[in-house]
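Start from the sequences, fold in the hints, and give me the full structure.
From first to last, the protein sequence lines are chains A and B. The numbering used here numbers the first residue of the first sequence as 1 and each following residue consecutively. The numbering used here numbers the first residue of the second sequence as 577 and each following residue consecutively.
Among these hints, one or two may not hold up.
Claimed, not checked - Just so you have them, the derived chain B footprint on chain A, three or more residues with Cβ under 8 Å:
#1 286-295
#2 303-309
#3 423-433
#4 437-444
To be verified - Computed, partial: chain A to chain B, Cβ under 8 Å:
#5 Lys277
#6 Lys299
#7 Trp300
#8 Thr448
#9 Pro452
#10 Tyr453
#11 Thr457
#12 Asp551
#13 Val553
#14 Tyr555
#15 Leu557
Unchecked claim - Here are the simulated lysine to any residue pairs, SDA-like style, with alpha carbons at most 20 Å apart:
#16 B/Lys1176 <-> A/Ala284
#17 A/Lys542 <-> B/Lys1248
#18 B/Lys602 <-> A/His305
#19 A/Lys380 <-> B/Ser667
#20 B/Lys602 <-> A/Lys324
#21 B/Lys614 <-> B/Thr836
#22 B/Lys831 <-> B/Ser804
#23 A/Lys276 <-> B/Lys831
#24 B/Lys1124 <-> B/Phe847
#25 B/Lys697 <-> B/Asp662
#26 B/Lys1162 <-> A/Gln292
#27 A/Lys299 <-> B/Ser667
#28 B/Lys875 <-> B/Asn861
#29 B/Lys692 <-> B/Ser731
#30 B/Lys692 <-> A/Arg366
#31 B/Lys697 <-> A/Phe374
#32 B/Lys692 <-> B/Ile733
#33 A/Lys324 <-> A/Asn290
#34 B/Lys602 <-> B/Phe847
#35 B/Lys875 <-> B/Glu1086
#36 A/Lys380 <-> B/Leu663
#37 A/Lys380 <-> A/Glu360
Hints were generated in silico from the structure; no laboratory data involved. Using N, Cα and C, we set each Cβ at its ideal position, and we do this for glycine too.
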Amino acid sequence: MSQPEGKGSGALEVKFVPDEEVLKHIADDAGIKVRKDKTQLSASVKRFVKKLENISDDETQEILEEKKYVAALGICAQDSMGNGSSVSGGEVYSFQTPKRSNKMAELASELAQTPGHSVASGHSECPEKTAKTPQSSSKYMLLLLMHVFSLLLQSKKKEFVSTTPYRLRKRLTAPDPYLESESEYSASCSEEEDEEDRKEVSTVLSGQKTPAKTKAASVPPPRNTLAKKNKEDKMSNLVEEYFEAHSSSKVLTSDRTLQKLRKRRLNQQTLHDLLKKAPLAYAAEIKELNQQHESLFSKWMLQLHLGFNIVLYGLGSKRNLLEKFRTSVLQDSVHIVVNGYFPSITVRSILNSITEEVLEHIGTFRSPLDQLEFIIKRFKEDSSLELYVLIHNLDSQMLRGERSQQILAQLSSLPSIYLIASIDHINAPLMWDQAKLSLYNWLWYETTTFSPYVEETSYENSLLVQQSGSLALSSLTHVLRSLTLNARGIFRLLAQYQLENKDNPSYPGLSFQDFYQQCREAFLVNSDLTLRAQLTEFRDHKLIRTKRGADGVEYLLIPVDDSTLTDFLEKEDEDV
Amino acid sequence: FGEGNNASEDTELRFATCQSLWSQIKLETEQIQENLNKQLFDNLISFLRQSHSEFQEKTTEWTYQMKSREIPTAALVLGVNVTDHDLTFRSLSEILQNNFTPYIALLEAKDCPGIKNLMQKLMRQLMNCYVDVDSLEDEDYVQVSQNRIRCSMTSIINWYESVTKKTDSETPSKKRTSSSRHCQSPPVVVIFKDMESFTTKVLQDFIVISSQHIHELPLVLIFGIATSPMIIHSLLPHSVSSLLCIELFQSLSCKEHLSTIIDKLLLTTQFPFKLGEKVLQVLINIFLYHDFSVQNFIKGFQLCIVEHFYSQPLSVLCCQLADAKKRVNSLSHEQCENVRRLPSFRRYVESQVSEKQIALLTEDNFLKEVIQKLLEDLHFYNENYVSVLRCLHVFTSSLPKYPLGKQIRELHCACLEHEVWETEEYESSLQLVRMLNKSDLVTILQQCVEILGSSSGNEFDKTVEKLKEFLTQFQKLEAEAFQERDVSVSSQKELQKKTDLYHLQKTLLELKESRRSKKLTKFEMLRFEVVDYIDSLVRNYLVPADHKTLHEIMYFNTASVLRGHLNAAPRIALHTALNNPYCYLKNQALKSDGGSMSNKAPDICIVYKLHLECGRLINLVDWLEAFSTVVMAVEGPNADAASSDQVDDTIHARFIRAVSELELLGFIKPSKQKTDHVARLTWGGC
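See below:
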């Protein structure tokens, strides 16, 4: 648990501890059984919170027209697929409530599960404490938890309201802490909230009275007066909260890093192998889903021929589905497949493949627009030409630009080019404005497949995959090998210095003056101009990075992680 | 074309029907469009003609010189449905090309980021169109444009002079092609398709430059405006806008356009295909709430047709009555079975006597006869429906507050949805009709007579007669009313004579009483009668379509499909898939109630759920650990405490996959703020 440390007089410093650690702590105490219970319980807590949230959601949609609109669109909620089209837009990804409260509830449930541990002792004032047994019906239990938390929040409010005027304002505008407000309890300070929560716990535990608490007594209870105003405020509140949460540079997450995990990073290959070994969950159901989608193939063909283009959306890789479509239906027709997820794909390459492979035109074009014009002309002249274009991930990094979308849209508006594409990104539809949409003439198909994005993510520079390491090493050696001996020496010096300082987290880099001194001592350069020339070369190859410190001194850094650097030095030593 | 997967023999027929129907409808819509735009274009052309008549006369008066700095400009206010403008402009330039001038340039904002690009584009279009007109001189001009001569106004003027001179001196054969239809020196028309999105600088420069050269070059500008004409003045400073001689042209609003389309496509017996209530509602909603685009409405309509013919095997009967009757005779046994399976037909069968029921269900031939009869019924129903609907609309559209809607489409929807006479709105509108004054009522009745008279069905003869009778009664009433007024006037005169208070009171009372009784007997009685009659008409003819037998053949009513295709919600789909995988994967293990999720859900769902708990930044280590706890809880307690800090490789790999999938979906992105952290991109969520 968090350990409060007195620092100065009265001020409390609180260390942030992630839930997982708490969880671990508890798990160690109570064993696996508790952990299992916890997952179930937390699930039900979440459900409860969600219900509450729905209530508040409904309230926010007070603008009648909006409601009407939602209702109008939801008129055919009795969807045959039952695919949740009944979810009104307001409930999804609204700027509503980041579930910090969930987390707290989760935490609470965990705490409650551990018999008589910490929180319970602190809250002797709540009479329900005695009823707090895991055996009590879960609903009641949850209500209790909620109550405890609203108490917590209330007390917290009183406690902290007076610390800063800024916070005061926020607290005042925050929704009143009745039960349902639990979920509304807002995000604005979601990061701090946790901290405060812990602080609360710790203060209660230690029984200390902070000076803030006594001051807080002068604050009038804001609940009743503000309850009416809440509704009007809410909208602006949400906006405010969003920006507040995003403007604060302070981030309160744990400082743990993957390196401390004593865990080697997996490289692409082992990752692939491991995943292959891991059984795919729900294979049968996924197969069934796919079969459902495959039955639509003939319909797609028909609609493509009638001048519509088809876009597929939904969770899961649609690559296999499109591949199957291609092999089963498009076998005998001219088609090109565009792998949008490929990191170096461009519109130009798509157009090139059309002009060169389909139209068999040799020659280059001044600009993609010229090329497009040429293609349009050719297709208009020759009505027998037909082309199917399959684009996996139309929303990928490379294709999502405005110009490329414009070109693709114009291409797809040709009557003899049939486009069938897939999108995955949640914001993908934002790529298109009215004009493009009308050019694309989309028909939307929901094809949720749940199949893993194997191909699509393989090119991604995932944080967790050790990918850059080997590449960086080889590039380092390659670049350095082409340099002079002196230049290599200079780089070695810098690398060694950086490794020596690797344990210093605030290592700013080697300052230019020091570096020059060292180089001179090693007889590597004779003037700072030559050193500068060398550094420019390094910089061009992205081997070093320079930044100016607060004192205006230039600092040099090698932007490669330490392990790679060590490897590199070892290798260099071998070579020498 | 593999239409229909049942591979029955009439798929081709169905497809052919579908195609022919669609082409008919397309033709119709184009015609409507043309008619609607005709007025506008005529005005525009006359304006263009007029604008440069002076130029041709080559008057050199001083006043003209003063005035001639101004460029004649037509501001075309087209409304917000930008996507439809393309079509309008295309037909406009076509019309201009055909009977006004060959020199037209269509400019779009996205092609013209700077004045140079604009000039280039302008030159190319002008020269190309010249090339198009007489292609004999291809070589000259293609060369010119490819040499990328310096694009300036002077070069355009030179080009223009050379072109006009040529046409003057050309052989008669050439003249026939270019100048017979066009006037002697046709003006150059430059159309700015989307005036609002041009950068002001470009526009200003262009206008200033071209106003310098207006003497040599008869230039006419056309601005396409989506918002309001005020935009010209806010975009251009006074010094520039004073160089323009603007005339405003207002195109028909898209709403009116839509009502005409609905009127011509849906409320007519010309096309056998009909839209059901929900489908129509969806289409109209998309129109009103999303894009105001008539084009999209028509596209949706097309989709409905395709969908209907694709999914409904009996849609083969969805054609003109005569054809349908023929086709009924050639129905296969399977198709007959299909008919028997229709819910509306089942209802019909159940209402019959038992022998007939058996016959209907077993004998194909008898069934076919019945079908023919039913189709005929349906056909007549449609005819009558439209006429009576229009009548009712005449009544309701003049009422205050429009309880049944202002537009006929609203009334149409209401009638299709349920029995309209059951609704409160209908009740209140009848109340209001009962309060109409006589002159309104008479005009309305006259309109109804016209509508009913023009409808083809002869069923309405009696109705028309009845209505006419009402009219004559009203006229009679009028005559009586004249007399009555005389009486009342005289009585009032009497009143004035008497000064006695008691008598006055007495006569007033008398008068009041008599008036009340009189009104009830004459005009009001008649009015009630009329209202009752209309009510009976409505009850007779405006039965909702889905109460009719075999309505499935002609009415398309699966709105959910349509909505899914046109107004999809990819975010909602993703959200449901991530939050509630049971919706898609029908596995009992995933089943859960409320908003919670079982811990056996696919990896990505678990990871997603966990990430929702976090704030702006997410620590990957914490995330991974949380994930592995959940996963291990599922897999059972075989691995004990030792594994809690050394995460299993497989789980690690699964986590990596899930996280990178989330990254692909755009929920997170790598962050450089802190090591091993990712930033959350969505805010909130459930």
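Here's how the hints hold up against the structure:
1. Here the segment 286-295 of chain A counts 4 residues with a CB under 8 Å from a CB of chain B, which clears the bar of 3, and the coverage holds.
2. Only residues whose beta carbon comes within less than 8 Å of a beta carbon in chain B count, and the segment 303-309 of chain A has 4; three or more means the coverage holds.
3. Using a Cβ-Cβ cut-off of 8 Å, 7 residues of the segment 423-433 of chain A lie near chain B, which meets the minimum of three, so the contact claim holds.
4. Only residues whose C-beta sits within less than 8 Å of a C-beta in chain B count toward coverage, and the segment 437-444 of chain A has 5 of them, enough to reach three; the restraint holds.
5. Annotation: interface hint on A/Lys277 holds; nearest CB of chain B at approximately 7 Å, less than 8 Å.
6. Below 8 Å, beta-carbon pairs count as interface contacts, and A/Lys299 has one with chain B at about 6 Å; its hint therefore holds.
7. Annotation: interface hint on A/Trp300 violated; nearest CB of chain B at approximately 10 Å, more than 8 Å.
8. Among the interface hints, the one on A/Thr448 holds; its C-beta lies about 5 Å from the nearest C-beta in chain B, closer than the 8 Å criterion.
9. A least Cβ separation of about 6 Å between A/Pro452 and chain B falls short of the 8 Å threshold, and the interface hint therefore holds.
10. The interface hint given for A/Tyr453 holds, since its Cβ lies 5 Å from the closest Cβ of chain B, which is under the 8 Å cut-off.
11. For the restraint placing A/Thr457 at the interface with chain B, the shortest Cβ-Cβ distance is roughly 4 Å, inside the 8 Å limit, so the hint holds.
12. Here the hint on A/Asp551 is broken, as its CB sits about 24 Å from the closest CB of chain B, past 8 Å.
13. Restraint check, A/Val553 versus chain B: the minimum CB separation of about 23 Å is more than 8 Å; hint violated.
14. The restraint placing A/Tyr555 at the interface with chain B is violated, with a minimum CB-CB distance near 18 Å, outside the 8 Å limit.
15. Hint on A/Leu557 is violated. Least Cβ distance to chain B is approximately 14 Å, over the 8 Å limit.
16. The suggested pairing of B/Lys1176 with A/Ala284 holds, with an alpha-carbon distance near 15 Å, which does not exceed 20 Å.
17. The hinted pair formed by A/Lys542 and B/Lys1248 meets the criterion: a straight-line CA distance of about 18 Å does not exceed 20 Å.
18. The suggested pairing of B/Lys602 with A/His305 holds, with an alpha-carbon distance near 16 Å, which does not exceed 20 Å.
19. With a C-alpha separation of about 19 Å, the suggested pairing of A/Lys380 with B/Ser667 holds against the 20 Å cut-off.
20. In summary, the hint linking B/Lys602 to A/Lys324 is not supported, as the alpha carbons are separated by about 34 Å, beyond the 20 Å threshold.
21. The suggested pairing of B/Lys614 with B/Thr836 holds, with an alpha-carbon distance near 15 Å, which does not exceed 20 Å.
22. Of the supplied pair hints, the one linking B/Lys831 and B/Ser804 holds, its CA atoms being roughly 16 Å apart against a limit of 20 Å.
23. Restraint check for A/Lys276 and B/Lys831: the C-alpha separation of about 57 Å exceeds 20 Å, so the hint is violated.
24. As the CA atoms of B/Lys1124 and B/Phe847 are separated by approximately 18 Å, the hinted pair is consistent with the 20 Å bound.
25. Pair hint B/Lys697 plus B/Asp662 holds up; C-alpha atoms about 18 Å apart against a cutoff of 20 Å.
26. Proposed proximity of B/Lys1162 and A/Gln292 is supported: the alpha carbons are some 13 Å apart, at most 20 Å.
27. The straight-line distance between the Cα atoms of A/Lys299 and B/Ser667 is roughly 33 Å, outside the 20 Å bound, and the hint therefore fails.
28. Distance check on the hinted pair: B/Lys875 and B/Asn861 sit about 14 Å apart at the alpha-carbon level, within 20 Å; holds.
29. Pair hint B/Lys692 plus B/Ser731 holds up; C-alpha atoms about 13 Å apart against a cutoff of 20 Å.
30. For the suggested pair B/Lys692 and A/Arg366, the alpha carbons sit about 17 Å apart, so the restraint of at most 20 Å is met.
31. At most 20 Å may separate the alpha-carbon atoms for a hinted pair to count; B/Lys697 and A/Phe374 meet this at roughly 17 Å.
32. With a C-alpha separation of about 16 Å, the suggested pairing of B/Lys692 with B/Ile733 holds against the 20 Å cut-off.
33. Between A/Lys324 and A/Asn290, the direct Cα distance comes to roughly 10 Å. Compliance with the 20 Å bound is thereby established for this hinted pair.
34. Between B/Lys602 and B/Phe847, the direct Cα distance comes to roughly 12 Å. Compliance with the 20 Å bound is thereby established for this hinted pair.
35. A distance of roughly 67 Å separates the Cα atoms of B/Lys875 and B/Glu1086; the hinted pair therefore is violated under the 20 Å criterion.
36. Restraint check for A/Lys380 and B/Leu663: the C-alpha separation of about 18 Å stays at or below 20 Å, so the hint holds.
37. Between A/Lys380 and A/Glu360 the CA atoms are separated by roughly 16 Å; this keeps the pair inside 20 Å, and the hint holds.
The structure fails hints 7, 12, 13, 14, 15, 20, 23, 27, 35 (numbered hints given earlier, in ascending order).
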